[in-house]
Amino acid sequence: MAQKNFLFVTFCLVLVMGLLQTYGLMKEYLSPAKYFEAQWARSEKKIELEKLKIALLENQIQDLQTEIATAIPDGGSGGDASSVQIRGLASIAKPKEGAIELSGVLDQKAKSLFREKKYSESNLVFKELVEKYPSSPRVVEAYFFQAEGYFLTGQYQQSLDVIDHMIQHFPDSELTGFIMLRMGQILASRNRADEAKEVYKVILQVHGANADIRDQAEKLLKTAEL
Amino acid sequence: MNSVIMVVALFFSFSARATSLDYVDLPEGCWAREKFPCSLRAVRTLKNLKLKATKISIPPEAAIKMVSSSRMQLLTGYVWVREGDSFEILIEGQVARISGDVLVSKEDQKIVLQNVGGAIDFNSNRVFPSEVVPVGFENWYARPGGDGEMVRGVANLFSVEKIFKKMIPLMDGDKEQQVVALAEWRRSWAGRAEVGAQFYQEVINRRVAVVEEQKKKKADQKAQREREDQKLRQMFRAKNYIDQ
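Heads up: the sequence lines are chains A and B, in that order.
Sequential numbering from 8 applies to the first sequence in our numbering.
Sequential numbering from 173 applies to the second sequence in our numbering.
Do not take every clue at face value.
Said to hold, decoys possible - Derived SDA-like pairs: lysine to any residue, alpha-carbon spacing no greater than 20 Å straight-line: (1) A:Lys-52 x B:Lys-334; (2) A:Lys-58 x B:Lys-334; (3) A:Lys-53 x B:Thr-217; (4) B:Lys-207 x A:Leu-63; (5) B:Lys-334 x B:Gln-402; (6) A:Lys-60 x B:Lys-390; (7) B:Lys-237 x A:His-176; (8) A:Lys-60 x B:Phe-208; (9) A:Lys-53 x B:Lys-334; (10) A:Lys-58 x B:Val-215; (11) A:Lys-53 x B:Glu-279; (12) B:Lys-390 x A:Pro-178; (13) A:Lys-53 x B:Asp-197; (14) A:Lys-58 x B:Gly-201; (15) A:Lys-52 x B:Lys-394; (16) B:Lys-237 x A:Gln-72; (17) A:Lys-53 x B:Lys-282; (18) A:Lys-60 x B:Gln-402; (19) A:Lys-60 x B:Lys-237; (20) A:Lys-60 x B:Lys-394; (21) A:Lys-204 x B:Gln-402; (22) A:Lys-53 x B:Val-215; (23) A:Lys-58 x B:Lys-390; (24) A:Lys-58 x B:Lys-224; (25) A:Lys-53 x B:Gly-201; (26) A:Lys-58 x B:Glu-279; (27) B:Lys-282 x A:Gln-67; (28) A:Lys-60 x B:Val-383; (29) A:Lys-60 x B:Asp-197; (30) B:Lys-282 x A:Gln-72; (31) A:Lys-60 x B:Val-352; (32) A:Lys-52 x B:Lys-282; (33) A:Lys-52 x B:Asp-197; (34) B:Lys-394 x A:His-176; (35) B:Lys-237 x B:Leu-221; (36) A:Lys-58 x B:Pro-209; (37) A:Lys-60 x B:Tyr-372; (38) A:Lys-53 x B:Ala-204.
By construction, these hints were calculated from the structure, which means they are not laboratory data.
Just so it is clear, the structure is predicted and the values come from calculations on it, not from any experiment.
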């Protein structure tokens, strides 16, 4: 009898617990608060993800700043402004592999005109490239071809002006070394043989590491000495 | 009686609430799948996350980017690298290898390394290899300067109170156990003042010597460049060859 009573009490307890649990679940499920809780949880996750994305972007900017800081040489700290070499970013920038280079279209067009010996037209396109994309790594080539175009069409003064600009802004570029050979030739054509020889000697000194430039400069120097 | 207790316990177990958001990761799910690179931002405190043999603890609002399972970049906040085993921290393109316990913090675009009980080794030619950060010391590192060398402070003694403020939220155990652990930490840093003076002198002497050498080299290069440019400009700008 006692056992039966005990079983009955246990059964009633389980039933009551079950009913209470079901009531609680139904109340929670059908309650509007539950909906807003779920919304809130979704919004919280979204906000945290956005904060993570912002942190990643800030990090990317800092990485880019680090790359630029490493690439740009230390110039002018504590020095006189006029003694600092004028340089554009194009003089040190290297194109990133796989990156889309928008100045490439103008560059191709200009070079195509150059190959067809349409030097005046190619110079116009090279000028446009330089104006629109001043920090593009193709700017050095654009100046080089302009100077060469002027030289080939006999516009020596314009060629010298462009060569001067290259010497100031891209002194370390091998294209500057090559185009300075033209400078020597212009001077030689104006019966300025001594100055031409000086130019070739400077080219050998500054750009002598490049075998092609060295060979050409040596040949032209020999010619100038005769 | 036992069955009654069991039934009541079962009731409470069904009433348990669902867990809330602990962290977010990008790409989503990368952390659980251990797919790197993986960025993670802690929403709640994350203690003792295992990465191979290393554990890291991250407070809320800190964010990291795991480039690989043993190389980390700190994005925001701070992280406690615990029991580090050749764990690498990327700092402005350089790599600091950590063993033991080190706090890594990001403060005002600088990375601060606080050596609470480990070793820090920079395998880089842009940071003096012998300029380690001893136990009980901290140092900051920032973006490289124009000469490519990493800009950094001189390692100095860290403030114990500030360190404890960072460590306590990430420590295991109850309050009593934490007090014992903190006392242990304090004891382990006891001898650092004596190391300090000699260490500073060595670091400063070495830096001064290198800076002097670099200055001289730059001055020589600059003078050489100026001489060459001057020569070229003289030839170029002389009026007598600009004929019309």
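Against the structure, the hints come out as follows:
1. Only pairs whose Cα atoms come within 20 Å are accepted, and Lys-52 of chain A paired with Lys-334 of chain B is rejected, the gap being roughly 31 Å.
2. For the given pair, Lys-58 of chain A sits about 26 Å from Lys-334 of chain B by alpha-carbon distance, which is inconsistent with the 20 Å threshold.
3. A distance of roughly 19 Å separates the Cα atoms of Lys-53 of chain A and Thr-217 of chain B; the hinted pair therefore holds under the 20 Å criterion.
4. For the hint pairing Lys-207 of chain B with Leu-63 of chain A, the CA-to-CA distance comes to about 17 Å; that is within 20 Å, so the pair holds.
5. Annotation: proposed proximity of Lys-334 of chain B to Gln-402 of chain B is violated, straight-line Cα distance about 56 Å (limit 20 Å).
6. At most 20 Å may separate the alpha-carbon atoms for a hinted pair to count; Lys-60 of chain A and Lys-390 of chain B exceed this at roughly 41 Å.
7. Taking the CA atoms of Lys-237 of chain B and His-176 of chain A, the gap is near 39 Å; set against the 20 Å cutoff, the hint is violated.
8. About 16 Å separates the Cα atoms of Lys-60 of chain A and Phe-208 of chain B, which keeps this hinted pair within 20 Å; it holds.
9. A distance of roughly 32 Å separates the Cα atoms of Lys-53 of chain A and Lys-334 of chain B; the hinted pair therefore is violated under the 20 Å criterion.
10. Of the pairs offered as hints, the one joining Lys-58 of chain A and Val-215 of chain B holds, with about 11 Å between alpha carbons and a cut-off of 20 Å not exceeded.
11. Proximity of Lys-53 of chain A to Glu-279 of chain B is assessed by CA-CA distance (about 26 Å); at most 20 Å being required, the pair is judged violated.
12. For the hint linking Lys-390 of chain B to Pro-178 of chain A, the alpha-carbon distance of about 17 Å falls within 20 Å, and the restraint holds.
13. At roughly 11 Å between alpha-carbon atoms, Lys-53 of chain A and Asp-197 of chain B fall within 20 Å of each other, so this suggested pair holds.
14. Of the pairs offered as hints, the one joining Lys-58 of chain A and Gly-201 of chain B holds, with about 17 Å between alpha carbons and a cut-off of 20 Å not exceeded.
15. Restraint check for Lys-52 of chain A and Lys-394 of chain B: not satisfied, since their Cα atoms lie roughly 55 Å apart, outside the 20 Å limit.
16. For the given pair, Lys-237 of chain B sits about 18 Å from Gln-72 of chain A by alpha-carbon distance, which is consistent with the 20 Å threshold.
17. Restraint check for Lys-53 of chain A and Lys-282 of chain B: not satisfied, since their Cα atoms lie roughly 28 Å apart, outside the 20 Å limit.
18. Restraint check: the Cα-Cα separation between Lys-60 of chain A and Gln-402 of chain B comes to about 51 Å, which exceeds 20 Å; the hinted pair is violated.
19. For the hint linking Lys-60 of chain A to Lys-237 of chain B, the alpha-carbon distance of about 11 Å falls within 20 Å, and the restraint holds.
20. Taken as a hint, the Lys-60 of chain A and Lys-394 of chain B pair is broken in the structure, with Cα atoms around 44 Å apart against an allowance of 20 Å.
21. The straight-line distance between the Cα atoms of Lys-204 of chain A and Gln-402 of chain B is roughly 16 Å, inside the 20 Å bound, and the hint therefore holds.
22. A distance of roughly 12 Å separates the Cα atoms of Lys-53 of chain A and Val-215 of chain B; the hinted pair therefore holds under the 20 Å criterion.
23. Straight-line distance between C-alpha atoms of Lys-58 of chain A and Lys-390 of chain B comes to about 43 Å, which puts the hinted pair past the 20 Å bound.
24. The hinted pair formed by Lys-58 of chain A and Lys-224 of chain B fails the criterion: a straight-line CA distance of about 27 Å is larger than 20 Å.
25. With a C-alpha separation of about 14 Å, the suggested pairing of Lys-53 of chain A with Gly-201 of chain B holds against the 20 Å cut-off.
26. Among the hinted pairs, Lys-58 of chain A with Glu-279 of chain B is consistent with the structure: their alpha-carbon atoms are about 17 Å apart, no more than 20 Å.
27. Between Lys-282 of chain B and Gln-67 of chain A the CA atoms are separated by roughly 15 Å; this keeps the pair inside 20 Å, and the hint holds.
28. Under the criterion of a C-alpha separation no larger than 20 Å, the hint pairing Lys-60 of chain A with Val-383 of chain B is inconsistent with the structure, at around 39 Å.
29. Proximity of Lys-60 of chain A to Asp-197 of chain B is assessed by CA-CA distance (about 10 Å); at most 20 Å being required, the pair is judged to hold.
30. Of the pairs offered as hints, the one joining Lys-282 of chain B and Gln-72 of chain A holds, with about 13 Å between alpha carbons and a cut-off of 20 Å not exceeded.
31. Between the alpha carbons of Lys-60 of chain A and Val-352 of chain B the distance comes to roughly 39 Å, so the proposed pair goes past 20 Å and is violated.
32. Note on Lys-52 of chain A and Lys-282 of chain B: the hinted pairing is violated, with a Cα-Cα distance of about 28 Å set against a maximum of 20 Å.
33. Using a Cα cut-off of 20 Å, the hinted pair Lys-52 of chain A and Asp-197 of chain B holds, with the two alpha carbons roughly 10 Å apart.
34. The hinted pair formed by Lys-394 of chain B and His-176 of chain A meets the criterion: a straight-line CA distance of about 16 Å does not exceed 20 Å.
35. In summary, the hint linking Lys-237 of chain B to Leu-221 of chain B is supported, as the alpha carbons are separated by about 14 Å, within the 20 Å threshold.
36. Between Lys-58 of chain A and Pro-209 of chain B, the direct Cα distance comes to roughly 18 Å. Compliance with the 20 Å bound is thereby established for this hinted pair.
37. Note on Lys-60 of chain A and Tyr-372 of chain B: the hinted pairing is violated, with a Cα-Cα distance of about 40 Å set against a maximum of 20 Å.
38. For the given pair, Lys-53 of chain A sits about 19 Å from Ala-204 of chain B by alpha-carbon distance, which is consistent with the 20 Å threshold.
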